[in-house]
Amino acid sequence: MLKIFEQLGGFLTLMYSAFSKPEKAQMYWKETFRQAKDIGVGSLPIIAIVSTFIGGVSAVQFAYQFRSISLVPMWWIGSIVRKGMILELAPTVSALLLAGKVGSNIASELGTMRISEQIDAYEIMGVNTPAYLIGPKIAASVIVVPMLVVIAVALGIVGGWGAGLLGGFFSTTEYFRGVQDGFDGYDVFIMLVKAVLFGFTLSSISCYKGFTVQGGAVEIGKSSTQAVVLSSIVMMIVNFFVAFLLL
Amino acid sequence: MIEIKNIKKNFGSQQVLKGISASFENGKCNLIIGKSGSGKTVTLKCMVGLFEPDEGTIMYDGRNITEMDFHARKDIRREIGMLFQGTALFDSLTVEENVQFPLDMFTNQTAAEKLERVNFCLGRVNLPNTNKKYPGELSGGMKKRVGIARAIVMNPKYLFCDEPNSGLDPKTAIVIDHLIKEITLEYNMTTVINTHDMNSVMGIGDKVVFLHEGLKYWEGTNKQIMEITDGELFDFIFASDFLKDLRRNAKY
Numbered sequence: 001m002l003k004i005f006e007q008l009g010g011f012l013t014l015m016y017s018a019f020s021k022p023e024k025a026q027m028y029w030k031e032t033f034r035q036a037k038d039i040g041v042g043s044l045p046i047i048a049i050v051s052t053f054i055g056g057v058s059a060v061q062f063a064y065q066f067r068s069i070s071l072v073p074m075w076w077i078g079s080i081v082r083k084g085m086i087l088e089l090a091p092t093v094s095a096l097l098l099a100g101k102v103g104s105n106i107a108s109e110l111g112t113m114r115i116s117e118q119i120d121a122y123e124i125m126g127v128n129t130p131a132y133l134i135g136p137k138i139a140a141s142v143i144v145v146p147m148l149v150v151i152a153v154a155l156g157i158v159g160g161w162g163a164g165l166l167g168g169f170f171s172t173t174e175y176f177r178g179v180q181d182g183f184d185g186y187d188v189f190i191m192l193v194k195a196v197l198f199g200f201t202l203s204s205i206s207c208y209k210g211f212t213v214q215g216g217a218v219e220i221g222k223s224s225t226q227a228v229v230l231s232s233i234v235m236m237i238v239n240f241f242v243a244f245l246l247l
Numbered sequence: 248m249i250e251i252k253n254i255k256k257n258f259g260s261q262q263v264l265k266g267i268s269a270s271f272e273n274g275k276c277n278l279i280i281g282k283s284g285s286g287k288t289v290t291l292k293c294m295v296g297l298f299e300p301d302e303g304t305i306m307y308d309g310r311n312i313t314e315m316d317f318h319a320r321k322d323i324r325r326e327i328g329m330l331f332q333g334t335a336l337f338d339s340l341t342v343e344e345n346v347q348f349p350l351d352m353f354t355n356q357t358a359a360e361k362l363e364r365v366n367f368c369l370g371r372v373n374l375p376n377t378n379k380k381y382p383g384e385l386s387g388g389m390k391k392r393v394g395i396a397r398a399i400v401m402n403p404k405y406l407f408c409d410e411p412n413s414g415l416d417p418k419t420a421i422v423i424d425h426l427i428k429e430i431t432l433e434y435n436m437t438t439v440i441n442t443h444d445m446n447s448v449m450g451i452g453d454k455v456v457f458l459h460e461g462l463k464y465w466e467g468t469n470k471q472i473m474e475i476t477d478g479e480l481f482d483f484i485f486a487s488d489f490l491k492d493l494r495r496n497a498k499y
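From first to last, the protein sequence lines are chains H and A. In this text, residue positions in the first sequence follow this note's numbering: the first is 1, and each later residue adds one. In this text, residue positions in the second sequence follow this note's numbering: the first is 248, and each later residue adds one.
No wet-lab data here; the hints were simulated from the structure. Please note that a few of the clues may not be correct.
[Stated by the list, open to error] Straight-line distance between alpha carbons at most 16 angstroms, and here's what the computed EDC-like set of lysine to aspartate or glutamate pairs gives:
id: 1; chain 1: H; residue 1: Lys30; chain 2: A; residue 2: Asp322
id: 2; chain 1: A; residue 1: Lys292; chain 2: H; residue 2: Asp38
id: 3; chain 1: A; residue 1: Lys292; chain 2: H; residue 2: Glu117
id: 4; chain 1: A; residue 1: Lys292; chain 2: H; residue 2: Glu123
id: 5; chain 1: H; residue 1: Lys101; chain 2: H; residue 2: Glu31
id: 6; chain 1: H; residue 1: Lys24; chain 2: A; residue 2: Glu460
[Stated by the list, open to error] Covered by chain A, according to a simulated footprint, are these stretches of chain H (three or more residues, beta-carbon under 8 angstroms):
id: 7; stretch: 21-35
id: 8; stretch: 221-232
Values in this document were obtained by computation on a predicted structure and should not be read as measured data. No residue lacks a Cβ here, since even glycine has one placed at the ideal position from N, Cα and C.
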């Protein structure tokens, strides 16, 4: 129990340092854009592929269930896929994928920098290392994850449409009637709240795990795994509370 | 001049530094030597502020770094250059970007001025035409040179080198030693070098501090060190029986 509080204290102290005043704002902006490019462009293919197929699978599964209930019109599938993608599937699945891809990358990058004394080198120069190495990663993640989630929603809906057409479950008109029916902007708000919180959670935990690593290659591997596992668990807890409090 | 007084440092229950005092003079290569685990690296890391000593003071030309807050300490750190054992070059940056990084972060020089300074420093360490290479494309000796170029790019008053010869062949190690010596004299820096390489001690050790089990055991020049005939320092310098016999039979 004491260790948990010790880690929490260390995490909060590191986050405070990560958002302290930068030495030269221009350098921090440059680093933030570099990180945003790495996280965003680097993760786009996997997010695109997975979300397209999740939309497709959702459409097929609901079509399968609706066929046995003749009273339910097939155009509802568009509505269900849209709502499911916006409220849960796109933000949650994207965040879990990003925790695996970006989170482990951040933790191992910072861990390697720590072990190879690169972080010490920054500190000797007088650079505020948490602010320069962690701040831009978190800022980039908070900006880019919502963008990726929006793309995931769009591609999930397209995936549902493609799968439905392929299976002959509904026509294009029926599907997009469902997609537009009962659209509520509040759902998008919740999606963006989740995306921002997930972006912060996965990047901050991964940065903490990587930045504080001690030892060698084995410890870097462990910290990378811990970053993915812990950020995935914390994101699911955050997910529950957002749903519980905002829905 | 850098003075350390009664530096103590514990890690848990293990007492690594047990009260070390020494002074490191301006314009000289000051060497800290000792066996592995004697406290050399911890002493150096305390001096540059990477470790916080539990007791004692560290004075940079009369300025006590141990009593300073983070911001005041940052000003002193900008007067420090450091060459790390593993060079600690930033993998994702080219040689030019590595050397230029402190200028980007802490100066308002134009791009042309920065490039001129970077090229001067790379030329000074005999590494022209490597600007666009990445650290992964360089040999061990070349990496050390880039590390030195990065360490001197801000015209530091103090230069720290942690095991500058580790991983280098004897000939390249001597070249790096002489480069450090030349730069120390040229810029009149206070240079502190952590090493266990006896070639370095004899070649560039203007002043030598020998640490043993967390304490300063001996202090003197590289000439005086050859007069030692027994004790821990003798065992350290003449580690093999062959060398011991050579020393005992030699006339100094």
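For each hint, the structure was consulted:
1. H:Lys30 / A:Asp322: Not OK: Lys30 (chain H) and Asp322 (chain A) at ~24 angstroms, beyond 16 angstroms, violated.
2. A:Lys292 / H:Asp38: Answer violated: Lys292 (chain A) to Asp38 (chain H) is near 33 angstroms, above 16 angstroms.
3. A:Lys292 / H:Glu117: Roughly 12 angstroms separates the two Cα atoms, so the pair holds.
4. A:Lys292 / H:Glu123: holds, 11 angstroms
5. H:Lys101 / H:Glu31: violated, 19 angstroms
6. H:Lys24 / A:Glu460: violated, 43 angstroms
7. 21-35: This one holds; 3 residues, not fewer than the three required, reach chain A with a Cβ under 8 angstroms.
8. 221-232: Three-residue rule not met by the stretch 221-232 of chain H, so violated; n is 0.
Going down the numbered hints, you'll see the structure goes against 1, 2, 5, 6 and 8, while the others check out.
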